[in-house]
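Peer 1: Put together the whole structure using the sequences plus the hints.
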Amino acid sequence: MGMFSRMTDIVQANLNAMLDKAEDPEKVIRLIIQEMEETLVEIRSEAAKYIAQQKLFQRQQEKFQLEADSWMKKAELAMSKGKEDLARSALQEKQKYSEQATAVNDQLAQVEELLTNLQDDTSRLQSKLSEARSKQKALANRKQSATVRLKAKAVEHSNKIENAMARFEQYEQRIDNLEAQVEAYDLTARNDDNDTSLNAQFRELTANDDIDKELAELKQKYAA
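Anchor point for the sequence shown: position 28 equals 28 in my numbering, and the numbering is continuous, going up by one each time.
No lab work stands behind these hints, which were simulated from the structure alone.
Values in this document were obtained by computation on a predicted structure and should not be read as measured data.
Where is the CB? At the ideal position from N, CA and C, for every residue including glycine.
Please note that a few of the clues may not be correct.
[Unchecked claim] Now the in silico label distances, taken between C-beta atoms and shown as ranges:
| # | residue 1 | residue 2 | range |
| --- | --- | --- | --- |
| 1 | Gln170 | Gln144 | 31 to 39 Å |
| 2 | Lys49 | Arg124 | 35 to 43 Å |
| 3 | Lys83 | Gln119 | 45 to 53 Å |
| 4 | Leu86 | Ala47 | 45 to 53 Å |
| 5 | Pro25 | Gln110 | 36 to 44 Å |
| 6 | Glu93 | Leu56 | 19 to 27 Å |
[Unchecked claim] Calculated pairs, DSSO-like style, for lysine-lysine (alpha carbon to alpha carbon, straight line, at most 27 Å):
| # | residue 1 | residue 2 |
| --- | --- | --- |
| 7 | Lys151 | Lys137 |
| 8 | Lys151 | Lys27 |
| 9 | Lys73 | Lys94 |
| 10 | Lys27 | Lys96 |
| 11 | Lys137 | Lys27 |
| 12 | Lys153 | Lys143 |
| 13 | Lys74 | Lys63 |
| 14 | Lys55 | Lys94 |
| 15 | Lys153 | Lys137 |
| 16 | Lys63 | Lys96 |
| 17 | Lys63 | Lys49 |
| 18 | Lys81 | Lys96 |
| 19 | Lys94 | Lys83 |
| 20 | Lys94 | Lys81 |
| 21 | Lys94 | Lys63 |
| 22 | Lys143 | Lys27 |
| 23 | Lys135 | Lys27 |
| 24 | Lys83 | Lys55 |
Peer 2: Now the structure itself:
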């Protein structure tokens with residue numbers, strides 16, 4: 001396929017219709033972008049050749065026009081000196097260069113028209129390329145979002161989560177039991193401490209009674 005034919009197809013392409021018909025839209029849009037980028041490279045290369053031709057034709061046209069003007073001045077000089085034959089010869093040379101300048105001017109016009117068409121096509125193609133890149137990015141974002149959501153849904157409905165939650169509840173129950181045992185020990189210890197305190201007070205009372213009794217016996221003995 002020639003460059004201009006391919007470029008026309010791309011510029012006129014309806015990207016949405018192409019994607020709707022594609023089995024793999026992501027692959028199609030990637031190929032479209034690649035095709036556009038390659039075509040733009042070829043267009044720039046072709047445009048460079050036309051620009052070089054344009055500059056060459058401009059130089060040639062200027063040269064031929066200068067020659068024609070020069071021979072016109074010579075013809076005028078010859079006529080002013082009364083040399084009609086010489087003036088005729090000068091006009092013939094002038095006509096030759098004028099014809100060459102006209103021919104080159106026609107070629108220059110054709111090249112400039114081609115360059116204008118290339119610029120227009122390039123502008124439209126770049127617009128299509130921007131559209132394709134936007135669609136590629138949108139497709140990639142949608143695919144990434146769908147993939148993540150699908151993974152989340154798969155995890156959400158996985159038996160692993162249910163099993164993990166059940167095991168978590170079992171661990172939680174075991175911890176509750178351990179904490180209950182600790183609280184039971186603390187309660188028992190407090191009761192033991194209370195019992196010990198009461199017994200100590202009664203023993204102290206009994207001990208004081210014994211001391212008072214012995215002290216009274218001593219007082220009675222030595223008082224006698």
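Peer 1: None of the hints should be skipped; say for each whether it holds.
Peer 2: A quick look at each hint next to the structure:
Take Gln170 and Gln144: their Cβ atoms lie about 38 Å apart, and the range 31 to 39 Å holds. The beta-carbon spacing between Lys49 and Arg124, approximately 21 Å, falls outside the hinted interval of 35 to 43 Å. The given range of 45 to 53 Å is respected by Lys83 and Gln119, whose C-beta atoms sit roughly 51 Å from each other. Judged by the Cβ atoms, the range 45 to 53 Å given for Leu86 and Ala47 holds: they are separated by roughly 47 Å.
Take Pro25 and Gln110: their Cβ atoms lie about 41 Å apart, and the range 36 to 44 Å holds. Our hint of 19 to 27 Å for Glu93 and Leu56 holds, since their Cβ atoms are close to 23 Å apart. Of the supplied pair hints, the one linking Lys151 and Lys137 holds, its CA atoms being roughly 21 Å apart against a limit of 27 Å. For the given pair, Lys151 sits about 23 Å from Lys27 by alpha-carbon distance, which is consistent with the 27 Å threshold.
Of the pairs offered as hints, the one joining Lys73 and Lys94 holds, with about 9 Å between alpha carbons and a cut-off of 27 Å not exceeded. This hinted pair does not check out: Lys27 and Lys96 have alpha carbons roughly 60 Å apart, beyond 27 Å. Using a Cα cut-off of 27 Å, the hinted pair Lys137 and Lys27 holds, with the two alpha carbons roughly 13 Å apart. Restraint check: the Cα-Cα separation between Lys153 and Lys143 comes to about 15 Å, which is no more than 27 Å; the hinted pair holds.
This hinted pair checks out: Lys74 and Lys63 have alpha carbons roughly 17 Å apart, not beyond 27 Å. A hinted pair counts as satisfied when its Cα atoms are at most 27 Å apart, and Lys55 with Lys94 qualifies at roughly 23 Å. Proximity of Lys153 to Lys137 is assessed by CA-CA distance (about 24 Å); at most 27 Å being required, the pair is judged to hold. Pair hint Lys63 plus Lys96 holds up; C-alpha atoms about 13 Å apart against a cutoff of 27 Å.
For a cut-off of 27 Å, the pair hint linking Lys63 to Lys49 stands: about 21 Å separates their Cα positions. Restraint check for Lys81 and Lys96: satisfied, since their Cα atoms lie roughly 23 Å apart, inside the 27 Å limit. Between Lys94 and Lys83 the alpha-carbon distance is near 16 Å, which keeps this suggested pair within the 27 Å criterion. Proposed proximity of Lys94 and Lys81 is supported: the alpha carbons are some 18 Å apart, at most 27 Å.
Pair hint Lys94 plus Lys63 holds up; C-alpha atoms about 12 Å apart against a cutoff of 27 Å. At most 27 Å may separate the alpha-carbon atoms for a hinted pair to count; Lys143 and Lys27 meet this at roughly 13 Å. Between Lys135 and Lys27 the alpha-carbon distance is near 12 Å, which keeps this suggested pair within the 27 Å criterion. Our distance criterion of 27 Å between C-alpha atoms is broken by Lys83 and Lys55, whose separation comes to about 39 Å.
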